[in-house]
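Student: Chains as they are written, first to last, in full-length UniProt numbering: chain U, 1 to 228; chain X, 1 to 228; chain L, 1 to 228; chain A, 1 to 228; chain D, 1 to 228; chain Z, 1 to 228; chain Y, 1 to 228; chain R, 1 to 228.
Some clues are possibly wrong.
[Said to hold, decoys possible] Here are the in silico distance ranges between beta carbons for each label pair:
| no. | chain 1 | residue 1 | chain 2 | residue 2 | range |
| --- | --- | --- | --- | --- | --- |
| 1 | U | Ile110 | R | Glu42 | 51 to 61 Å |
| 2 | Y | Pro92 | R | Arg65 | 36 to 46 Å |
| 3 | Y | Glu174 | R | Gly23 | 23 to 33 Å |
| 4 | L | Val136 | Z | Arg21 | 50 to 60 Å |
| 5 | L | Asp67 | A | Gly194 | 53 to 63 Å |
| 6 | U | Gly194 | X | Glu25 | 39 to 49 Å |
| 7 | R | Asp74 | X | Glu42 | 32 to 42 Å |
| 8 | Z | Glu34 | Y | Glu34 | 24 to 34 Å |
| 9 | R | Asp74 | Y | Pro92 | 29 to 39 Å |
| 10 | R | Gly23 | U | Gly62 | 50 to 60 Å |
| 11 | R | Asp74 | L | Asp67 | 23 to 33 Å |
| 12 | D | Glu88 | A | Pro214 | 40 to 50 Å |
| 13 | A | Gly9 | D | Asp32 | 16 to 26 Å |
| 14 | A | Gly194 | L | Asp32 | 50 to 60 Å |
Simulated from the structure, these hints should not be mistaken for laboratory data. Being a predicted model, the structure only gives us computed values, none of them experimental. Glycine residues also receive a C-beta, built at the ideal position from the N, C-alpha and C atoms.
8 protein chains.
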Amino acid sequence: MYIIIVGAGDIGQPLIDIATRSGNEVVVIENDPERADRAAGEYDCLILEDDATDHNALQDAGIERADALISTTDRDATNIMVCLLAQEHAVPNIVSVVHDPEHMNVFRQIGVNTMENPQELIAEYLYRAVARPAIVDYMRIGEQAEVFEIEVTENAPIAEKTLIEAAEEDLLSEDVLIVAIEREGEDPPVTPRGNTRIEADDLLTVYSAFGAEPELTDVFGHPEDRIQ
Amino acid sequence: MYIIIVGAGDIGQPLIDIATRSGNEVVVIENDPERADRAAGEYDCLILEDDATDHNALQDAGIERADALISTTDRDATNIMVCLLAQEHAVPNIVSVVHDPEHMNVFRQIGVNTMENPQELIAEYLYRAVARPAIVDYMRIGEQAEVFEIEVTENAPIAEKTLIEAAEEDLLSEDVLIVAIEREGEDPPVTPRGNTRIEADDLLTVYSAFGAEPELTDVFGHPEDRIQ
Amino acid sequence: MYIIIVGAGDIGQPLIDIATRSGNEVVVIENDPERADRAAGEYDCLILEDDATDHNALQDAGIERADALISTTDRDATNIMVCLLAQEHAVPNIVSVVHDPEHMNVFRQIGVNTMENPQELIAEYLYRAVARPAIVDYMRIGEQAEVFEIEVTENAPIAEKTLIEAAEEDLLSEDVLIVAIEREGEDPPVTPRGNTRIEADDLLTVYSAFGAEPELTDVFGHPEDRIQ
Amino acid sequence: MYIIIVGAGDIGQPLIDIATRSGNEVVVIENDPERADRAAGEYDCLILEDDATDHNALQDAGIERADALISTTDRDATNIMVCLLAQEHAVPNIVSVVHDPEHMNVFRQIGVNTMENPQELIAEYLYRAVARPAIVDYMRIGEQAEVFEIEVTENAPIAEKTLIEAAEEDLLSEDVLIVAIEREGEDPPVTPRGNTRIEADDLLTVYSAFGAEPELTDVFGHPEDRIQ
Amino acid sequence: MYIIIVGAGDIGQPLIDIATRSGNEVVVIENDPERADRAAGEYDCLILEDDATDHNALQDAGIERADALISTTDRDATNIMVCLLAQEHAVPNIVSVVHDPEHMNVFRQIGVNTMENPQELIAEYLYRAVARPAIVDYMRIGEQAEVFEIEVTENAPIAEKTLIEAAEEDLLSEDVLIVAIEREGEDPPVTPRGNTRIEADDLLTVYSAFGAEPELTDVFGHPEDRIQ
Amino acid sequence: MYIIIVGAGDIGQPLIDIATRSGNEVVVIENDPERADRAAGEYDCLILEDDATDHNALQDAGIERADALISTTDRDATNIMVCLLAQEHAVPNIVSVVHDPEHMNVFRQIGVNTMENPQELIAEYLYRAVARPAIVDYMRIGEQAEVFEIEVTENAPIAEKTLIEAAEEDLLSEDVLIVAIEREGEDPPVTPRGNTRIEADDLLTVYSAFGAEPELTDVFGHPEDRIQ
Amino acid sequence: MYIIIVGAGDIGQPLIDIATRSGNEVVVIENDPERADRAAGEYDCLILEDDATDHNALQDAGIERADALISTTDRDATNIMVCLLAQEHAVPNIVSVVHDPEHMNVFRQIGVNTMENPQELIAEYLYRAVARPAIVDYMRIGEQAEVFEIEVTENAPIAEKTLIEAAEEDLLSEDVLIVAIEREGEDPPVTPRGNTRIEADDLLTVYSAFGAEPELTDVFGHPEDRIQ
Amino acid sequence: MYIIIVGAGDIGQPLIDIATRSGNEVVVIENDPERADRAAGEYDCLILEDDATDHNALQDAGIERADALISTTDRDATNIMVCLLAQEHAVPNIVSVVHDPEHMNVFRQIGVNTMENPQELIAEYLYRAVARPAIVDYMRIGEQAEVFEIEVTENAPIAEKTLIEAAEEDLLSEDVLIVAIEREGEDPPVTPRGNTRIEADDLLTVYSAFGAEPELTDVFGHPEDRIQ
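Bound-form chain U, shown alone:
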């Protein structure tokens, strides 16, 4: 893909890194000379030190043939202007960071894909690390359901049991599904069957229709892992 990335700041920099490493042709527009210089020294792509709300800058960046434009500046107003100009040039795929959640609607209205409130995403992860330290990673499904990774402790109720046994003992309800088991020496993760035995130190990927509730995390041996 031919991707134009606007902004080489905190978010723009790792994005350039990913996009170039994935083999795309990348052009970056960054207004700040210092940031532009730094990016030019680090990434293997064209860096334009220019204002991306300026038509010429976009032209120089090859907007006519871009497959995608991602706007990552820390000003929503700049991002929206850039996105509107990209629409004028019919860029097929336009994505933007949005900092103020109240601006989400405006971006949606003009038809731009957005990533709302990136810092909130981080904040939620940090909070989780404190509030439910046993949950290694997680993903929300709809309102309540969740997929999450959790480690099995030595004395956990489920330790040394097969899934069938766990179900029989009502440790796992119907709303819960053990999706995958990461276990040392096994790659890819084990796909569990009814007679698969859960062991201590297993890192389980669990789906729960009602989220990672204390009753559930207790099963894996983390009674203390609750928001008090």
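Position chains X, L, A, D, Z, Y and R relative to chain U; hints supplied.
Tutor: Using the frame of chain U, we list chains X, L, A, D, Z, Y and R on its own:
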């Protein structure tokens, strides 16, 4: 919980928001007067305008009885000093943002939970939105495996088929598991059985031991969704 | 009318002045404390020191019941964000200054009335003052036609002639129309008839389908008034 | 003409543009290095990065043979000093922007042509766009009279009528004159006669001895176009 | 006198001091808050923190009844604008510092008394202190002539001689006049007669039609006092 | 002479000008890069961009063989340090500007010639220009006595009188001496004798043991020239 | 004592702390508002926010009755000016920090006690910590001799020997003197006699006429403690 | 030794000086371009202008083979991060300046040698110079004991006495030891015996188990040398 949050910047702010809304007792230490003021006006918690590497500030924040401390400043050196001081006061749960991945080891060495490279997380999401627009959300499991959400298009090979039919037609290999189905009018998501029929517009939660490869996303009707 | 004016800078200030003196209810949003203070001291209206791209600021300004919003900041990106937010609230009349002519299209696309390139307007007037000093004021009609005010000198070919005489002597072609005559002691201006006699020192309002060309201005006695 | 332009700021820039495009020989004096650089890159003329109140700068700019000098800096004090120095060198045509209306007299006293309060001009236009949106452009003649452009709506009282009919029906008083009609496909604008028929979508240039009053604009189908 | 002093900087401050101590009514206009504050704390007069090129400031300062206005800012452009505004109000006595000697003419043209290049005056004094250290003070009369103060050394040719003897010995030519003799215990200075005897340590006020040339200063015992 | 000048600011610049034009060998030490550059471009002498309180800078400036050092920075503390270092190197002639009059004693104590309060000198001149506009220039002799230049007006009591007549009419007391007469066409100034006739427009150099009192200035036709 | 401390910076602050805790009456003069505020909040003494080179500030600080003045600002020029003013007021004891070693002589010349190059003192300590880590503290006596503190290791040659035995075995030459022995449980340190036995873990205060040479430190068991 | 010095500021600079002059191989890491430049010009060692908390900078500095690292920046947080990274690379000898005494424990915890509060050391010296001016230098031994240098005055009780006489007269108690005598013409210092005679102007190195108390300093002739 009694939580001390250090830094009320881009990450600190939404974190304060989550932590207070979740019913915790929160104290914030922020050195910058402007940020401290803003936070004081917005969140219902104690804001100390002070340098968190200063012993007195931590004392004022009640470090002796804190259940957790989360350090979110944008300087790794400040974060590590804060974490070391928190350890001196035996705070049970210490988490820190780390900006330079090369510093991860140092934090680990002294036993602090970290969140590496938050901007990289965002960058990856943005890139995904451009590279594989059909993937709504995703979570990595180990090196290759992935859980992801994807919408079924009208003419998708899997549309209007039961899971058993899909398996019979080799649309879904053994390494793939349909974990949940979000469907309008259903809450919580449908837990799929063998005879559950996949419909267009279903939002599927899929586990794949080898990630969201093109061969797999094609099954849900997104042949164009590939990184070129 | 209930008018929200965004920006109390070089253009915003006289605008506030006009709008308040014309008996409208005016609310101003200005981010810069100094400018906000100055405006508050000078004009009889509500001044909000706030960022107009912030939803709350617009709410505070009464956007729900505004008849019009005029965005006058010196950043096009800010102006467009403000206009988009105003559209979300269905403000009936939205006008914006646009600084970069290349941005005109974007504003038009989203349906905002604009005033293109205000400084260019001034520049043109200044240039006119030097290039054609006899032209007091003027207005373009389409591509070429112009209405302009010009003073009749003592020895001008047209001086002391009636319009009929002037036409007979081919001083005024069919494409030229004397629209009004400002003459000392006459108010409103004299509406010329065929037998109205043009006098020296008359200030004529002239329409010319081909603009204020030298051949035409010569008729009013300004042979030197040409761009060399 | 040989023109010296002092200042390459917001007003100076479009002025340089007009003056060079009109085929004049232009020299610009701008003190600010950044602005001077920008201007040097964009316009085809000599740019001196210097203080125009410095004699040498004016000498370098060729003040001895200048036909005109236009001072456009945003400080009235600087403008007047420049104008006085230009007078010392007997520049035939000296024009200056004046920002503070109270300074107009001082400029007049020393015999400099001025453009008063350029921002006020813009403000008035913006206000008009909101207060009387149907008026596309306009020009004041003396105290009350006005020439203005207005579009005819489909159901306007004057639509589909000849000027004679309109006069007979008292739609147009004696103080009103239709000066020109811009109509798609016609260039230059149509010069109206008594039997010219006004059509919907015509853009009329109208002279009114008493300005664009609601009674008059109603005739063209804009009853709502009133300052409330 | 009622005096308006514009500027309370390096020159303005001692001027305020002199003017107030001499019993005048003084009003000061100073734009810089810090300087205005300092002046307000030190001098017994009204200090207006305002821009003196602003009409209202001058009005507030009582320009209508001022006997004199002295403009001391460090920008010639500001000084000239202030002087022009003062002329508009017919202030009888207007004086200004002028920093750039090339601007002298402009000030003269508009009829303002000026003090040219004050720093040059100081520089000359400093240079004199090094180049001719024996000369305590001096004043130029026309191109060459000078009045100067010089001390008589013990072994000076003129020491212990009457003026008549000095003239007879050709120590003093016709172009030289001993104007006054400051001598300890004598106040006012001694007015010399022909038989007045010059003594060592006398401080003489000398007039010389050809300046303080080495041949002359040698007479008072300063052979080394020469510019080499 | 070999002169080191410290500081190329407001006072330093004209001093460099005088010192170089008088044929001395001059070295300048100026810490500020911008000022150093400006001086280097304008004066024909060595400019060291350095801190003059640094030993090496003085060494580089050739302090060992300097005949004189003049310190003109705007900080008394810097000036005194420079002077002390110059004394260490036995510079024969050391002069310094002193800004705070209270510091005079300290400079005197260590044996440095000073020029007190240069701005006060200027202030006094400016004040004189307003308070006694007829006095063109003047010099104080001791406490009260003064030498001053004054122009004779047409109707002055002394006009058209010889000095003898003036003395006889008691216009000039014994404490007053006409030192020299500048008269158009005469150069050097006329040395007055008893029968020299004073004429209108003569510019007189006058010595008065009791200063330029109103009774005295009245004699030359300036009754209005009084401090009220 | 009544002590005036000039400067409340890095050095001034701990000095104020020591001086006030030792029961002196302390007045501090600090020009920087922030530092003055901080000091005022922390120390129990009068803090004047003022420029110490200003006579009034010194007067306000009670210079007339001060027993001592210590100047600690980071500018030597300021320190010397302050010291000179203190001398004018005959302060009995004047001490100053000196930053540039080349300025030492100037301070000495005017008779001020100085502390040369404080940062060098720290640097030397830091270097010692790296170069000879066994030396806990030390003090130079003249050029070569040193008093130093060193710990005795378990296997040190001198361990478990009396001083007489150590002398007999030539472990300690005549130029070395064990001055005191810090030993757990003993306070004050043990004054060693000939039959005092040195034990491992003793912290010895040693005098050596030739410094802490490797041959000597080896005796105490630190063969590795050498600068390589 | 191969030493890495972090920071080339007030403390870093003399440290670089000592370390290079002692023949070590030194590499300096300094983030500030100006300081890095200055150091590069003055010291004979490699200066890296880089952030020492950045892994690459340490690698470039050769951390793998460093014998020691000394961190001298003025931020404790930076110093601790640098020390932790140095530990990761197993640098054998790590020393750091610590500014906030409350941070001492954290450094100790992680096993870094520190130099506490360097400015306090200087402050103490300065205070001593004022409080006990006779004490030239001193070193604390434990809580109370001290070694100090003091000059013998002409009329001191101990002057012209042998040590035995001094002991007999109870001038020196058992807790006091004369360690060395610096005397003009003697190098190294005289090692005192019982019959060594103390002379005026001798500079004695004295050990006192109870410190330099007034009773003791009186013996050497400094009765006035007391903290009042």
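Student: Are the hints correct? Go through all of them and say.
Tutor: These are the hints, each one checked on the structure:
Between U/Ile110 and R/Glu42 the Cβ separation comes to about 59 Å, which falls inside the hinted range of 51 to 61 Å. For the pair Y/Pro92 and R/Arg65, the supplied restraint of 36 to 46 Å is violated, since their beta-carbon distance comes to about 56 Å. A beta carbon spacing of about 30 Å between Y/Glu174 and R/Gly23 agrees with the range 23 to 33 Å that was offered as a hint. A hinted range of 50 to 60 Å for the beta carbons of L/Val136 and Z/Arg21 is consistent with their spacing of about 53 Å.
Look at L/Asp67 against A/Gly194: about 39 Å separates their beta carbons, and that is not inside 53 to 63 Å. Distance hint check: the CB atoms of U/Gly194 and X/Glu25 are about 45 Å apart, consistent with the given range 39 to 49 Å. The hint said 32 to 42 Å for the Cβ distance between R/Asp74 and X/Glu42, and at roughly 34 Å that hint holds. A hinted range of 24 to 34 Å holds for the C-beta pair Z/Glu34 and Y/Glu34, which are about 28 Å apart.
Hint check: R/Asp74 to Y/Pro92, Cβ distance near 35 Å, so the stated range 29 to 39 Å holds. Our hint of 50 to 60 Å for R/Gly23 and U/Gly62 holds, since their Cβ atoms are close to 58 Å apart. Evaluation of the 23 to 33 Å hint for R/Asp74 and L/Asp67 yields a failure: the beta carbon distance comes to about 59 Å. Roughly 42 Å separates the CB atoms of D/Glu88 and A/Pro214, a value that falls within the hinted 40 to 50 Å.
Evaluation of the 16 to 26 Å hint for A/Gly9 and D/Asp32 yields a pass: the beta carbon distance comes to about 24 Å. Remark: the range hint 50 to 60 Å for A/Gly194 to L/Asp32 is upheld by a beta-carbon distance near 57 Å.
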